[in-house]
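Residue numbers (my numbering): 188 to 440.
None of these hints come from the bench; they were simulated from the model.
Since the structure is predicted, the reported quantities are computational estimates derived from the model, not experimental observations.
Some hints could be false.
As the list claims (entries may be wrong) - Straight line, CA to CA, 25 angstroms or less: simulated DSS-like cross-link-like pairs of lysine-lysine:
#1 Lys401 to Lys356
#2 Lys298 to Lys224
#3 Lys243 to Lys224
#4 Lys193 to Lys224
#5 Lys193 to Lys305
#6 Lys193 to Lys298
#7 Lys339 to Lys417
#8 Lys409 to Lys339
#9 Lys305 to Lys224
#10 Lys401 to Lys417
#11 Lys239 to Lys224
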Amino acid sequence: MNSISKGTLYLIPVNISDAPLESVIPMGNLSIVRQLKCLIVENVRTARRFLKRWDKSFDIDSITFHELNGHTDLTHVGEWLEPLRRGESVGIMSEAGCPAVADPGAVVVDKAQREGYKVVPLVGPSSILLSLMASGFNGQGFAFNGYLPIEKGARVQAIRDLESESRRKNRTEIFIETPYRNNGMVSFLAENLRPDTMLCVASDVTDPERESIKSMPARLWKNCTENYDKRPAIFLIYCGAESKDGRSKRDAR
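Model the full assembly from the supplied sequences, consistent with the hints where possible.
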């Protein structure tokens, strides 16, 4: 069993698909979590379900849970770190993927860092990085932009800005959408991106049955027939580096 360090904040990744847990999360993580008595989670019910799926014998009743989400009064965060001050360790668990990455857990990590406590990120799946790996786009320069604006005019401007930044900085731009609007996002991007801008749509990442990661010029996405609605997805665009004459090197080819 891996021994935990005293007074340490552990960041605990969660699966992002229905793939067998042993194929996406190191089993060494479980030995660490078994030794924690305090967990900060987005939703207590789903966290308990995940722990039982991980290990049916897990003693859930021995855990103190704190819920951190959009409804949480953040003035309580300092109280949740009290075990660290006593030399005990605490864990943060996301709803899916890695804590503190596109996740409210960042506020807890920030507090722990400011107070000088050790923070240990455990290995696990990140849909953002896995999608970038499989896209074929620039993995040395990239940015995650969260959600685009909902209003159409603002969204069009946001896409133009991202294309400009991608060309100017030779950077991959990454963003997400609410799952039930994914098909609408694909159509929107096909219509509003430059025809030669590369677009990757990565859905159900790590799922052995449903995973789909496709990269092709925006103009070809107009013919897309795949149904992405109600499926977790990541969107990536890449325009290539800008040459000295202001054109994308992709244009020059």
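Hint-by-hint comparison with the structure:
At most 25 angstroms may separate the alpha-carbon atoms for a hinted pair to count; Lys401 and Lys356 meet this at roughly 23 angstroms. For the proposed pair Lys298 and Lys224, the alpha carbon gap of about 19 angstroms is at most 25 angstroms, so the pair holds. The suggested pairing of Lys243 with Lys224 holds, with an alpha-carbon distance near 17 angstroms, which does not exceed 25 angstroms. In summary, the hint linking Lys193 to Lys224 is supported, as the alpha carbons are separated by about 12 angstroms, within the 25 angstroms threshold.
With a CA separation close to 9 angstroms, the supplied pair Lys193 and Lys305 stays within the 25 angstroms bound. For the suggested pair Lys193 and Lys298, the alpha carbons sit about 17 angstroms apart, so the restraint of at most 25 angstroms is met. At most 25 angstroms may separate the alpha-carbon atoms for a hinted pair to count; Lys339 and Lys417 meet this at roughly 21 angstroms. A C-alpha spacing of about 18 angstroms is found between Lys409 and Lys339, which places the hinted pair at or below 25 angstroms, so the restraint holds.
The suggested pairing of Lys305 with Lys224 holds, with an alpha-carbon distance near 17 angstroms, which does not exceed 25 angstroms. Between Lys401 and Lys417 the alpha-carbon distance is near 18 angstroms, which keeps this suggested pair within the 25 angstroms criterion. With a C-alpha separation of about 15 angstroms, the suggested pair Lys239 and Lys224 falls inside the 25 angstroms cut-off, and the hint holds.
Hint compliance for this structure: every hint is met.
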